[in-house]
Amino acid sequence: MKVRLTLNGEPATLTCAPWEFLTEALRRHGLIGTKRGCETGDCGACSVLLDGEEVASCILLAAQADGHAVTTVEGLGGFERPHPIQEAFVDATAVQCGYCTPGMVIATQALLAQNPAPTERDARECLAGHLCRCTGYVKPIAAVLQAAERCRAGDVAKTGGRS
Amino acid sequence: MYLALERYSRPASIEECLALLAEAHDEPTALLAGGTELNVRGHEELVHVIDLQALPLRDVRVEGDLLRVGALVTLARLRRDAAFALPLLEGLREAAAGFAVVALQNRSTVGGRVCTDRGDQDLPPVLAALGAKLRLLRPGRAGAVDEQVIDYPLGAAARRALRGALVAEVLLPLGEGQGAYRRFSRTAVDAPLCNAAVVRRPSGVRIAVNLQGPRAAHLKRLGDTESLIASWHAPGAAFPQGWREAVRLSLMTELEPWGDAWVSGEYRQDVTATLVVRALARVLGEEEVL
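Those protein sequences? They're chains G and R, same order as listed. Numbering-wise (the numbering used here), the first sequence opens with residue 33 and increments by one. Numbering-wise (the numbering used here), the second sequence opens with residue 33 and increments by one.
So that you can see chain R by itself, here it is in the shape it has in the complex (with noise of 0.2 Å):
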């Protein structure tokens, strides 16, 4: 695929750049952080690019019980900065380390993550699981900046959120936990056919999956498998015998048969079941596969 880009756009400044966003009305633009989606489709439209690359958004540093993760910062220092180097965001790591290959992990940025358009993600269902939180900056009125954090958007109407906006920084929560991310492709360097995160906390168990449907908008938790663990026993307890059964169960009534091109609904949604069991298996600290 070729571009038709007229115009490329280096802004210095969170100012400058809303500035650009904000005059760009009629004009395809689009906000470039990594670039990696930028060849890849349906971009044939578009006549400005403004990279991100000047802007100070490439901070990692822990406020309060925060973890705050600049947009800018990308799958591979999620997989060797020590501040991810906690339990918690075990998962966080997996997924920067499952995207594609090194050169592309290069690049690849947790805030480009996030705006992709697509069900075939690594990175969302984890900071799904984790309850992160995103700030999202606007150009304001008389060039002021607005800002808005919101929970990770679930479903399209939620997604509306980021027309328009930039992603500045993703919030994670910190705290004890455990978190873990499992993924199934054709082979190691492809996008996920099926992938599932956990995160146990001491108040609960969130578990979140992609790929139930194409879109970035498919991305769901699963809260009647999630209410099913916590109805169980007093969080952080250990979980029943028979859990596996239990939660499988509960997994394939609340997973949708999604099928496209690659594989068939009925096989998605039983690796899917399979996956989501692995990592809890994993966040609870026992045997994968038994």
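Bound-form chain G, shown alone (with noise of 0.2 Å):
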């Protein structure tokens, strides 16, 4: 079947069976920033933006997304022109095997559209249920707050990104 949405920011058509999971169709599609982890919603590391909302893209039928917006970590920003989130996980060092990273970084996205000033309450609830087994969380509950600060400064979390 085919699945027709809006894939950061440009109309694609998606390839899918009825039992495929979003997480398989996008990394198919070559977007491999969105990991595959538990495959039950438990582990945050395929977390997408859903027209704006962070959803577990491992039990979201890749058709359920059909006629929506989905925006993934490559969407937000890329090695060129990393994203003010991005940068903060990098210079807060809340990065170490990167598995967890991006569903972090998308978390940290929706959270800071909804909430530009956020407090450490705020962060750790934005990342409970980001599993990581490398820095712990202290650092990644640091990037947040820092990249809310950069956010700030530039306004750019409303807009879903700069690339």
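Treat the hints with care, as some may be off.
[As the list claims (entries may be wrong)] What follows is a list of derived Cβ distance ranges for each label pair:
hint, chain 1, residue 1, chain 2, residue 2, range
1, G, 44, R, 93, 34 to 44 Å
2, R, 54, G, 110, 30 to 40 Å
3, G, 169, R, 264, 15 to 25 Å
4, R, 259, G, 34, 52 to 62 Å
5, G, 149, R, 264, 39 to 49 Å
6, R, 54, G, 83, 29 to 39 Å
7, R, 182, G, 185, 50 to 60 Å
8, G, 41, R, 246, 43 to 53 Å
Hints were generated in silico from the structure; no laboratory data involved. Note that the Cβ used here is the ideal one computed from N, Cα and C, for glycine as well.
The task is to assemble the complex, starting from two chains supplied on their own in separate frames and drawing on the hints.
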């Protein structure tokens, strides 16, 4: 079946089976920043934005995304032009193996779009369910707060990125 | 887990949805709301999903003394929509916030929570304590839609009413009152190991707990303890001194010591009693921990 959606700001068509979840469809489309993790919605590695809201793409049928706007971590920024959230994660050394990082970046984007001045408690709730086996959670929480400051300065989060 | 789905449908109207449901005689078919339970367990044989997302089931509106909540309203919306910012619905907001994580709260729906056949859920005890009703739709004869309003189903027999039906709305009786929900889990993002919902209205107190068994049918109203509380005083009056001990004693008799791989029955019984007492303290405006 054909799934027509807006993918990182551009119209796109994904060819999927009815049983296929969005994580696989995105990765086959080349968007491998979205990671395959628990496949039960528990680990946060597969997080993407669906119409601006954070969702677990591993439990969302690709077909459910038909007609919607999906943003992956690639839609926020890349190596050449990283998003301030991505820069904040690097600068706060909140990245080690990097497997959980795209999900955390997406969660941060969703948080800052709704709440540009989050408290530490807000940051903790934002990252709850994003499992990291390398750095722990202190640095990612610092990264969220740092990202909020940078986005406020540049008013970036509301627009969904600068790439 | 991987699904064996062969068909995905997205009906544009209630009538079309019910027609698809009526056609699904021998084909394992499920209605799909947010989908947070789809890839989790028990759906390996599913062949066809009917995605409800295009149906007009997202309204939240006050009608008389009822708050009508569309089945597709998400838990995230329960947390932040002004319509739910009443003291009476505090437990509902707490239960929504207690469910898993933000990404799942954004997808999980009120109707989905009602239909999920698991005992470790946050929302059902609150709905039972609030005295919620469900509006169900079924395929009728000659393309007609049969409508039925039922009390929130408690027990296996009552839950059979959900079979073959589309839960369209949850109806919440409004009015003065205070609600509270307390849960205990391994971590903040895990499903509850014990929970309790209490609603106090001028007419009396209602208490409901889940986790008296593994299935949704094990959701239970604590009628004996409610009666004990009602026997003390006129509705709305202050509780007597020593109410916590009396309530706990009643609860330890009324709660079943159901254990599973996570916790023993005695532990769950004891913690659930504590949660009920704390929720009662909250609705009375007293300190939860003495």
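Q: Compare the structure with the hints numbered earlier in the document and write down the numbers of the violated ones, lowest to highest.
A: 2 and 3
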